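**Student:** Chains as they are written, first to last, in numbering that gives the first Met the number 0: chain A, 0 to 340; chain B, 0 to 269.
Bear in mind the hints are in silico, worked out from the structure with no lab data behind them. Keep in mind the model is a prediction, meaning the values are calculated, not measured. Be careful, since some hints might not be right.
As the list claims (entries may be wrong) - Taking lysine-lysine and the BS3-like style, the derived pairs with C-alpha atoms no more than 25 Å apart in a straight line are: (1) B:K141 to A:K199; (2) B:K212 to A:K198; (3) A:K202 to B:K54; (4) A:K11 to A:K66.
What follows is each chain in one-letter form.
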Amino acid sequence: MGRLLAWRLSGKGHAITLFEAGSFDMPPGACHTAAGMIAPLSELVHCPLPVYELGLQSLRVWPQWVKELELQTGSPVDYRQSGSILIAHPQDRTELLQFQQELAAKLGTESQQHFQWLERTGLQNLEPNLERFDQGLYLASEADIDNRRLLPVLLTQIKRRNAQLREYTPAECMPGQIRHADGFEQFDCVIDARGLGAKKAVKGLRGVRGEVMVVETPEVRFQRPIRLLHPRYQLYAVPRANNQVVIGATEIESDDLSPISLRSSMELSSALYSIHPAFAEARILETRVNCRPATMDNLPVIEHEPGLIRVNGLYRHGFLLAPAMVQQVESTLQQQTLQVT
Amino acid sequence: MDQLKLYGKAFDSRLLIGTALYPSPAIMRESVAASGAQIITLSLRRQSPEQQQGKMIWDYIQESGCQLLPNTAGCKTPKEAIALAEMSREIFHTDWLKLEVIGDDYNLQPDPYGLVESARELVRRGFKVLPYCTDDLLVCRKLLDVGCEVLMPWGAPIGTGQGLMNKYNLRTLRERLPNIPLIIDAGIGAPSQATEAMEMGFDAVLLNTAVAKAQNPVLMAEAFKLAVASGRAARTAGLMLKRQTASPSTPTLDMPFWQQAPVAGAGEEL
Chain A
0 MGRLLAWRLS GKGHAITLFE AGSFDMPPGA CHTAAGMIAP LSELVHCPLP VYELGLQSLR
60 VWPQWVKELE LQTGSPVDYR QSGSILIAHP QDRTELLQFQ QELAAKLGTE SQQHFQWLER
120 TGLQNLEPNL ERFDQGLYLA SEADIDNRRL LPVLLTQIKR RNAQLREYTP AECMPGQIRH
180 ADGFEQFDCV IDARGLGAKK AVKGLRGVRG EVMVVETPEV RFQRPIRLLH PRYQLYAVPR
240 ANNQVVIGAT EIESDDLSPI SLRSSMELSS ALYSIHPAFA EARILETRVN CRPATMDNLP
300 VIEHEPGLIR VNGLYRHGFL LAPAMVQQVE STLQQQTLQV T
Chain B
0 MDQLKLYGKA FDSRLLIGTA LYPSPAIMRE SVAASGAQII TLSLRRQSPE QQQGKMIWDY
60 IQESGCQLLP NTAGCKTPKE AIALAEMSRE IFHTDWLKLE VIGDDYNLQP DPYGLVESAR
120 ELVRRGFKVL PYCTDDLLVC RKLLDVGCEV LMPWGAPIGT GQGLMNKYNL RTLRERLPNI
180 PLIIDAGIGA PSQATEAMEM GFDAVLLNTA VAKAQNPVLM AEAFKLAVAS GRAARTAGLM
240 LKRQTASPST PTLDMPFWQQ APVAGAGEEL
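Chain B on its own, in the form it takes in the complex (with noise of 0.2 Å):
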């Protein structure tokens, strides 16, 4: 079976998906189910987590069976994403974290300092630490020295929809770290952007914005799963290289030689 392990536990699905921005819980619940995911991120730093007056929707959450994974959006200093960090801890028992720690307001880029600060303090504290963070690869092999044992990479900023921006950082990143479980998290827009990221040899796929706002966000999931599972297939298989010249897939012995392409040469232009 082909799985996806990440700190030790195994999961059949590739896709991981957000809770928020949905147009209700209930769909929400339900485009989970339909994505097949089997972790769910959560975001808590709105809600008066001290209060626990979030509690009914986080238990509504719950009930998908999901590993939870919640995240510290909108922290921009390692105090608060620590603070939050401990605090989802005791309100979902788990010690699973997506760390955010955001440097730019604008387009909610990871401040790759108090990212690694962070990371480091919560490692020592126990946490199985999964951070957002730019292709940047010396930010990961920081977070990697620091502890983190799986990195989530940026396509594009968050709720942009633009795709894999960057495929040279993003296909040095697979390269020079073959062994880590690589996701792509934020600024996935279509399920073909998933499955590139996929082809390219990524472990995983984390989004949000694309299913929650589509119109029809229950489809739009199952969408992704296809996706996902048709990107993870298509590396597995092993996808040809590309070439310049047509190869034709059926026998093409009856085909005069002097139909092929003209080769450059003696006065012809290239």
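Bound-form chain A, shown alone (with noise of 0.2 Å):
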């Protein structure tokens, strides 16, 4: 969220500070763990209607963002559009109807027209390494992005535009002027995308523990992310380039950052293993724990005052969220500059 503002607003010429708790190669931010789905429709039976609004709207807008950032850096960012595909095992067969049946209540006939199902053909066709399922449905203008690619290419657009970049520097944010280890500095607007750094600040912000795999085989591919329904887990497995699949994610109600459970990690490969059978001898190359900051009610939320704006509450729904926030954060700060003015 921090890098993705910096990079709109420092592009639209304002003097950008930058500031990271951790390091800008691997920040500690929920950011960095997650597996980048803009997945508007599969989240949608997760999570409040606004969500999916505003998860639409980044959808409208991350394929001219990605373009732009794209043709100034020379860089690309794997940004892709190729739907997802969902699908359960034939005794949990109840998860897909429950899912079409849930997709139905919040969009009524709407929903019609964002999924497919597809048969055992329809499905071959698209992902030929499904073959042990019969029935899935596909949600066609879902997309994904590939975060640690996408993060140090901001950065390097950010670089250019000369903002200052201060890593290693946890801040705590006021109107107007930042604190850290070493004082006080000023600013005309602070932006605090701090995530759970701002739990403070932010009345009623909780921590979501979330566990990702990274594994590596060359035997399955897939083209696009695959969620696996089940009753009592989900799992998604999303490509990424060289033979890697990002698994995840474990929702689990605790501020708990230590490493991984056995439990866990039982669970997401079982799971894994379940969809194709040579995923047995894929390589675990990662595991990756973090906390999504998350309000009480799941909602994103965006708090100001002149000289400060509060963005925060992204939960599970970081990039599927961020071009929306962004967009509003703009437009508040265009706002607190017109009073200014």
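Given two chains presented individually in distinct reference frames, assemble the corresponding complex, making use of the accompanying hints.
**Tutor:** Have a look at this one:
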């Protein structure tokens, strides 16, 4: 969120100073841990309608922003709008029907235009490696982005625009000023996008633990994110470059940042293995744990006063909501500037 | 007043509700309020209770003012369940406990042996144990023998929404344990199933998924509140027995006798 904001605002001529509590290469925020899905429909069953609407807005914005960024830097960020596929094992087929029912309940008849039932052949045509499955739902409009490519590319462009970059600088955000270990710094406006770092400043903000694994195998290839629906846990598998797949994610009501639990790794691994047995020989490259910043209603929040805008609570929807929230911050900032003028 | 009495405490509501799986904590709290529940269950197992890292959400749940019933969901051995029970007591300052010891991963069936062993020890340690058990009469008796004062037999496996799968066993429990508070726990998917449980004479119903996973959890919570109250009222009022012969509720003095259903007899097939 912070980097996207800095990129947008620096592009509009604002002089930016970007603070990072950790390192820019391995930032501690959830954005570095996420799988980068931009999936408003898949998420609709887990979230209130405003998240879906903001997600649609983001989905419209992402392609243009990615194009601009790639042109500016010459570096691809692997944005892919190839849809996503939802599957369930035969004994859990009710989960697909339940998903369809929930979509219809929230979107009415409009829901029909957003998904397509796939039988075996259709499924195989899109994803040959889903040979164990006879049925699935295809959500053609959904997208995903490789966050681990996007974040450094954004930073490159922010640097080129002569922004001040300050890593390892945990800071407190106040109207018109930042306080950190070396004292106070004054600014026209402070934008607080610290996620859980702003826990004391944003009422009701909590952390929701998520655990993710990255595996590598040349034997199974997907073209788009796959979601396995199951009564007890949900698994997504997002294909990345170099035969890698990001799988996740648990959701535990806890601020706990300790390493992944054996149970979670078993649940994620076995769910992945159940999609295709060749995953048994996949190599586990990485496990990631982070806490998503969430409000009690799981909706994002923007609070503002003169000289300070706080944006937070993006929960499990960081990349889904980021452009829409950036646009709201831009609009708030513009209003503040007009008032000052 | 027709109150539910458990371990010396009286409750107006006969619906107990879980706090997991809701779209958000705010909707969870609204749903609890709409359900009228006065006892709510919550789980600690995956939230690193030693570090208190789920404190924020626990505090939020506690603000409901309901009697908390911490559970040992996810525990598979008496040792795990007892350790978690002790942590729950320390965190929530209550000795009430929904005891779960799971014996089978696939259908989450309670392990009767581990359950009885855990219950014995927890009762000894002063816990008020509400065990989640199967509908087996002998297991239920053993749980009573070790000091449980309330039993919570399943209607069906957790989260299946299958309703009361083995009515024969459940009726047997009700008939053979007439003075023990019996709460149907798990497997209830529809308000009509909750009503049925109450009509059968069960003292209360505990559920979670059917409300939390509804498209409108708050409205579903209210539906269950009405269903449980309705079933209880029906049980108290006295249900009529089913009959073979129709008995009109309005006078039919003008109906000639030959319009009655034919009596099986000469030349007629049954």
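**Student:** If a hint holds in the structure, say so; if it doesn't, say that too.
**Tutor:** Taking the hints in turn, this is what the structure says about them:
1. B:K141 to A:K199: Distance of about 50 Å is beyond 25 Å: violated.
2. B:K212 to A:K198: violated, 29 Å
3. A:K202 to B:K54: Since the Cα atoms of A:K202 and B:K54 sit roughly 15 Å apart, the hinted pair holds (cutoff 25 Å).
4. A:K11 to A:K66: holds, 17 Å
In summary, the structure is inconsistent with hints 1, 2 from the numbered list given earlier, while agreeing with the others.
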